[in-house]
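Protein chains in written order, with numbering that gives the first Met the number 0: chain A, 0 to 271; chain B, 0 to 160; chain C, 0 to 805.
The set of hints was computed from the structure by calculation and includes no laboratory data.
Any given hint might turn out to be false.
[What the hints assert, rightly or not] List time: in silico DSSO-like cross-link candidates among lysine-lysine, alpha-carbon distance up to 27 Å: (1) A:186 <-> C:785; (2) A:54 <-> B:3; (3) B:13 <-> A:56; (4) C:589 <-> C:517; (5) C:275 <-> C:240; (6) A:186 <-> A:153; (7) C:303 <-> C:628; (8) B:13 <-> A:5; (9) B:154 <-> C:517; (10) B:1 <-> A:53; (11) A:53 <-> A:186; (12) B:1 <-> A:54; (13) A:53 <-> B:71.
The residues making up each chain are set out below.
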Amino acid sequence: MIYNFKYLAPGTRGELHAMLADRGPAAALLSGGTDLLVNIRNGVVRPECVINVKKVKGFEGITWSAEEGLIIRAGCTINDLLRDARVRADYPLLAACAHDLASYQIRNRATVVGNVANASPCSDMAAALLCLKARAVISSSRGEREVAFPAFFKGVKKTVILPDEILERIIVPASSAGAPGDYRKLKRISGHDLAIVGVALLKQDGEIRLGISSAAPTPVYVGGLKTSDPADLVVAAALEAVHPISDVRCTREYREHMIQVYVRRLLEEVQG
Amino acid sequence: MKIKLTINGAAYEKDVAENSTLLRFLREDLGLTGTKEGCGAGECGACTVILDGRTVNACMVLAAEADGATVKTIEGEARNGKLSDIQEAFDRHHAVQCGFCSSGMVLSVRELIERNPRPSVGEIKEGLEGNFCRCTGYTQIIEAVLDVTGQIDRKGEMTHA
Amino acid sequence: MLEHSDPSTLKHVGHSPERQEAQAKLTGDAVYVSDMTLPGMLYAQIKKSPHASAIIRGIDLSRAEKLPGVRAILTGADLDYRLGLYVVDKDILAKGKVRHYGEAVVAVAADTLAIARQAVELIEVDYEITPAVLNHMDAVKADAPLVHPDLGSYATIPEVFSPQGGTNIANLSKCRKGDIDKGFAEAAWIVEREYTNPSVQHVPMETHVAIVEWKTGDDITIWTSAQSPFTVRGLFCYTFKLPLTKVRVIIPHVGGGFGGKAGIHMEPLVACLSRKAGGRPVKFQATREEEFSLLPCRSALTYKIKTGVRADGRICAQKMEMYWDAGAYADYAVNVTRASGYSAAGPYEIPNAWLDAYTVYTNKPYGTAYRGFGHVEFFWGLERHMELVAQTIGMDPLEFRRLNLLRPGSLTLTGEKITEHTGNIRKCLDSVAAGIGYGELTAAELTRERQTGLKIGKGLATLHKAPAMPPFTATAVIMKMNSDGTVLVNVGLTEIGQGSTTAFAQIAAERLGFPMDKVTVTVEKDTDRDPYDWQTVASKGLMLTGNALILACEDLLRNAYEVAGQALRAQPCDLEHDGERIYIKHNHDKSVSFTQLSVGYCYPDGNAIGGPLIGVGRYVAQGLTNLDKATGQGLPALDWTYGAHGIIVEVNPASGEFHLLKICSAYDVGKAINPDMVRGQCIGGMIQGLGTALCEGYIYDQQGHLLNPSFTDNKIPTARDLPDEIECIIIETPQLDGPFGARGVGEHPMIAVAPALGNAIRNAVGAELTHMPIRAEDVWRAMGRKEPVETWITRTPTGSCRSVLL
């Protein structure tokens with residue numbers, strides 16, 4: 000890295016909150032580092048200090064309880080998520096999106112929380128979390144607040160997190176457990192690539208829920224659909240909700256076409 | 000700032016710049032140049048090392064973050080001047096050409112077969128997708144992994160996915 | 000030369016011993032220039048142009064000069080040197096104007112990389128943007144802005160190249176065979192189409208890197224990750240007007256070259272920084288982003304082909320126009336144009352041919368040599384075209400190719416006669432056709448189609464290439480025996496991963512009759528120690544250096560026999576040897592060991608004869624000629640390596656997504672010196688060819704900014720991008736003048752992969768692709784006869800792709 004920044008590694012929530020309150024906009028939170036460090040290297044961001052959140056007590060790993068559901072903490076990497084037996088058994092959509100994220104080495108560092116807080120419109124994890132009715136738990140020295148996922152994203156790489164706050168954990172409710180779901184991601188190669196367009200589809204209790212990435216400034220949630228709805232209706236709802244652009248990766252036309260293709264494919268392949 | 004870590008079984012205590020990556024620290028501060036830089040942006044895997052038991056791109060880890068950690072680099076793969084089983088399999092199967100990706104590739108294979116002792120061809124491909132190779136076309140690398148995991152013999156070839 | 004050895008008696012050649020330097024590479028012991036530091040070394044960074052075309056109005060160095068730790072700064076105004084392999088058109092640093100995005104404008108050397116980077120940030124360059132010409136088809140028009148207004152005054156090699164002053168044409172190569180008008184007059188059908196492919200980058204895993212130390216008295220040492228130490232030295236000394244003895248070029252291990260490191264690149268600039276910094280060594284390593292834009296790429300190509308076919312399906316005439324996008328500097332592109340020119344019709348018999356091949360300047364990062372030297376690019380068009388011609392006349396594409404293939408007695412485009420020893424293109428084609436079950440789907444394939452709803456298609460393509468090199472290309476080998484009887488071999492050919500080191504050890508061991516563990520071929524190159532080799536390019540190394548090596552072995556043995564004869568009181572014809580000693584044929588007990596002979600033989604009383612045993616072999620390409628400038632006729636080809644690919648592809652007719660089920664490739668290599676290594680080259684090259692076909696390609700915006708200067712958007716194949724099944728067939732029609740019958744195959748596996756895929760996709764779903772890369776979206780558009788996407792110089796918004804000058 001060329002830019003000189005201060006490195007801080009708080010050990011407690013209190014320390015972390017105090018640092019954020021103190022430095023807020025000049026600080027960048029470091030969890031996996033796979034987005035932040037690339038951005039620093041490329042000169043996209045120049046934080047005065049980088050705060051490593053992985054040493055904070057209480058930020059490790061992933062747990063499950065019957066009341067709350069899945070609690071994914073700030074230190075939980077994508078591969079930690081994939082290794083978790085409960086995730087594999089009861090949250091197949093989460094596993095599907097995680098599985099397609101970047102490469103194995105990246106997944107050993109990148110965190111679910113970090114991926115979501117980065118808020119790229121291409122986020123693979125966001126697509127799943129939208130369908131699973133997940134909630135973001137944001138904390139600061141002023142306390143904690145919860146934000147449901149659709150409301151979490153505000154724009155390209157913009158979320159509701161304020162400069163003195165941290166996305167501390169993500170709750171995937173117990174009520175979403177057992178819901179079948181899958182993710183289809185258009186890539187330029189079979190190897191690791193960001194989503195040119197991505198569709199997550201979940202079926203639960205007669206409902207269909209969609210999460211679509213790389214088709215709008217933020218990942219998009221499409222609700223209000225039923226498993227009894229004809230495929231054309233589901234497709235129309237999906238296309239209605241997105242406004243993909245043409246860029247050097249793909250044209251708008253093909254993105255729209257592949258959203259259709261993926262929605263139809265998933266409708267057939269996801270049980271329920 | 001000072002960091003303490005274990006690399007290839009040896010203890011180190013060193014002063015590092017706060018903005019130094021683990022990759023730069025290994026190569027420039029410690030002279031362990033076996034780990035290579037291919038892109039500096041976490042895409043190519045040439046800088047793969049094993050950090051606390053998991054493969055990572057060292058260019059995407061700050062040296063500071065490795066304080067208290069256990070690191071394995073390619074220099075720790077051979078023991079007492081003898082190639083490891085993976086290195087020997089690579090050698091047998093001509094899985095090395097220019098060699099620049101080899102350090103990262105060998106460590107990715109090491110971690111892969113430790114967590115999955117009998118990976119299928121598909122699992123090998125997925126496990127290695129984060130390690131670019133421009134020379135070999137990957138096939139002989141995959142064959143080396145199949146060999147070292149007892150799935151093909153010394154001169155075996157992979158013909159089907 | 001061919002050793003008439005019965006293959007069953009060969010002990011080393013034809014076997015697959017492990018690579019000599021694999022252990023060093025596998026353990027991290029192998030040192031690459033990127034790993035090197037020297038005492039007192041400074042780090043260089045470069046300020047690059049953000050514009051495709053601009054006048055440099057001013058450069059403000061004041062803030063950078065004041066930064067502690069900055070030891071040297073250079074701008075174009077400081078350096079009055081011009082470089083160019085064939086057309087001398089490039090300044091070391093932009094002088095007065097910039098001609099492409101990413102061009103080097105100011106260079107800094109400082110105590111640390113961080114300081115050098117900071118210094119670069121503190122430098123301000125004032126540009127006046129001028130109109131740029133980006134598309135090479137626009138650049139050939141009369142009203143196009145001139146990239147090199149002074150082209151007419153540039154030095155060149157007029158016997159070979161024809162730059163057209165006052166235009167953007169750096170070279171025009173022609174080929175005229177027979178009578179083109181008469182040929183077309185005979186045609187029952189005339190088929191015409193245009194094919195295009197974008198620039199791509201070599202993507203060596205180790206980016207370009209050089210360390211140069213310019214000491215007092217002009218004693219210069221260059222450590223560089225490069226393919227051709229003697230070319231670096233030669234061009235360097237030519238540029239700086241120094242005797243060759245002043246410059247030493249050292250090349251340790253190289254992390255991939257693929258042609259991108261074939262010439263001279265950063266070395267002169269780095270050298271000038273060292274000189275300015277009082278002789279301290281200076282190191283420059285390109286970032287991956289710089290590798291994509293500061294360093295050169297592969298030229299884009301527009302290829303127009305018009306073919307006349309007789310009623311019986313024989314090609315009677317072919318008119319070819321190639322427009323090569325050289326980018327801002329001619330570098331190797333003019334030679335790519337020339338070399339492709341004489342090969343452009345492929346391995347087919349064309350009695351009447353007309354070719355015009357243009358090298359065109361544009362304001363973009365420039366093209367250099369790339370594996371295949373133009374052939375990957377033009378075979379895309381050629382083999383897609385052969386398919387189109389066959390379709391048009393209603394003939395099966397395989398039959399059409401078979402009918403028109405070169406055969407013994409045929410004449411090439413340059414008038415060279417093909418013999419049965421040239422190679423067996425027919426066998427290559429037939430082998431791959433059989434390998435994919437061409438022409439029909441098996442029961443299993445039909446069932447698969449029914450079950451999946453996907454369409455399976457099969458396609459073929461042929462390939463050929465001869466080394467693109469001067470007719471006087473030469474090489475030499477020096478072989479030294481150590482006092483323990485082991486042998487050390489010095490060659491100028493560079494190990495860039497292709498395995499030359501091991502192949503040469505095998506050839507030497509075979510010809511010497513020694514075990515392999517007694518033969519070492521040095522990996523590190525040093526122009527002070529190694530004998531001359533022209534360049535490590537063109538797939539000529541195995542042949543030329545292999546031959547020189549055999550001659551060196553024979554020279555060493557001759558010297559040894561001479562001394563042994565004296566010691567044993569026998570004539571050389573009475574002697575034989577094994578790995579340890581020379582003995583009298585009819586009296587094996589009378590012998591003298593190589594160890595005893597190695598540095599001079601000593602009699603029991605102390606008298607000594609002989610001396611250090613050294614073998615020298617030199618080989619120059621035999622019988623080649625220049626090409627006539629007007630007609631392109633001549634004998635340029637050292638050898639021809641033929642090959643073919645067959646691909647089975649599965650396509651989704653609803654989405655354009657596709658997947659390669661199988662690729663079967665065949666190459667006539669003459670003799671596989673090390674079959675496992677040949678397989679590695681073949682698969683590696685094929686995958687690199689697949690990258691060109693599937694996902695690689697530079698994308699610029701309308702202002703000439705490169706939008707994909709990193710792996711985020713400039714993809715290469717990963718382990719998951721392999722076809723399900725890969726078959727590699729080696730055919731051995733001996734090359735009569737090749738070592739043990741071998742000819743080269745380093746470049747060939749990359750060639751024609753793309754058109755084989757394009758042909759297979761057409762067979763599956765009828766999609767006609769004429770542009771690369773072939774992405775799912777391109778297939779979808781072609782299936783629906785939609786407008787193709789302009790992907791090279793795009794009008795579409797950039798979205799999250801950023802142009803980043805790192």
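For this structure, which hints from the list above don't hold up?
-> Going through the list in order, the structure violates hint 11 alone and respects the others.
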